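Participant: The sequence shown begins at 1 in our numbering and counts up one residue at a time.
What the hints contain is simulated information worked out from the structure, not anything from laboratory work.
What you are looking at is a predicted structure, and each value in this text was computed from that prediction instead of being measured.
Beta carbons: idealized from backbone N, C-alpha and C, even for Gly.
Check each hint, because a few of them may be wrong.
[Stated by the list, open to error] The following label-pair restraints were derived from C-beta to C-beta distances:
#: 1; residue 1: 70; residue 2: 32; range: 47 to 57 Å
#: 2; residue 1: 53; residue 2: 28; range: 17 to 27 Å
#: 3; residue 1: 45; residue 2: 13; range: 40 to 50 Å
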Amino acid sequence: MARHSAESADLAPGLRQLTRLRTSLEKVTGQALDEGMKAARNENWGLRRIGEAADLSHETVRHRLARTSLLDGAA
């Protein structure tokens, strides 16, 4: 049990760093995904087509587009 606790303690700082890195990566890729979906929508792509390209449901696409429109100040 003590060995397991020591190994966990050694992994904890790395896990925190990995979590921060993952969060940062998700933020950047999420922004790029949102921009791509907005561009596709501006080119008159349908929600289902965008969803297929982004590997998301059309409802998720709709929600993300609505959220980004609100954040951009447009409604």
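Participant: Next step is simple, just say for each hint if it's right about the structure.
Facilitator: Taking the hints in turn, this is what the structure says about them:
1. 70 x 32: 47 to 57 Å: violated (19 Å)
2. 53 x 28: 17 to 27 Å: holds (19 Å)
3. 45 x 13: 40 to 50 Å: Given a distance of about 44 Å, which is inside 40 to 50 Å, the answer is holds.
Hint violations for this structure: number 1 only, all remaining hints satisfied.
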